[in-house]
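Per the numbering used here, the sequence shown starts with residue 1, numbered consecutively.
No wet-lab data here; the hints were simulated from the structure.
Please note that a few of the clues may not be correct.
For lysine-lysine, the following BS3-like pairs were computed, each having C-alpha atoms within a straight-line distance of at most 27 Å [as the list claims (entries may be wrong)]:
(1) K62 to K48
(2) K62 to K46
(3) K48 to K97
(4) K62 to K97
(5) K46 to K97
All values reported here derive from a predicted model rather than from experimental measurement.
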Amino acid sequence: MPLYRWKLSYIMLIRCELFDPVLTSTDRQFVSMLGITIISRNESCKRKVDVNTLFYMVHSSKRMYDNLLSANWSNLHRLVIIGNSFQSYHCNTPDEKLRNQIPHVFHALSRVREEHLPSFRSHQHAFNDTVILTFGSCSPSSAEMFKESLPVIDLLDDDEIIT
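Just need the whole structure built from these sequences, with the hints factored in.
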């Protein structure tokens, strides 16, 4: 089965909204027929949530994760992310670089729990570093104090995004 079908099968399991800047008009029609709401503008992954929300972010850039965490720092316990392993970022990148480039991800490392997805025999590399990320909560006062001290990253400067 092609990789895009595996990705689509995951998002079909839930009611969801979707933003992908490379969707064609045919893609938009197809996705709409599936009952998926298309987000009309690029929010740079700064969507703030106040209810438990699942984000499907497989193979997204580090800065996208950082912006999502920044927007929801006082509500991290509400986030569940299917996406890249933060521990892999930590193991493969020096702390100073993480702290400077993706500070919210860096500071969330002590609170994140990762559950690896099972591997697919026919497509072992499709989801090789994909995990389910959940976060412990912190007190609102410490969350607000910390949030104000970290920058929000502009995705226009993201060298991981291919346009």
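Results for each hint:
1. Simply put, K62 and K48 have alpha-carbon atoms about 18 Å apart, close enough for the 27 Å limit, and the pair holds.
2. At most 27 Å may separate the alpha-carbon atoms for a hinted pair to count; K62 and K46 meet this at roughly 13 Å.
3. Among the hinted pairs, K48 with K97 is consistent with the structure: their alpha-carbon atoms are about 26 Å apart, no more than 27 Å.
4. The hinted pair formed by K62 and K97 meets the criterion: a straight-line CA distance of about 12 Å does not exceed 27 Å.
5. With a C-alpha separation of about 22 Å, the suggested pair K46 and K97 falls inside the 27 Å cut-off, and the hint holds.
Hint compliance for this structure: every hint is met.
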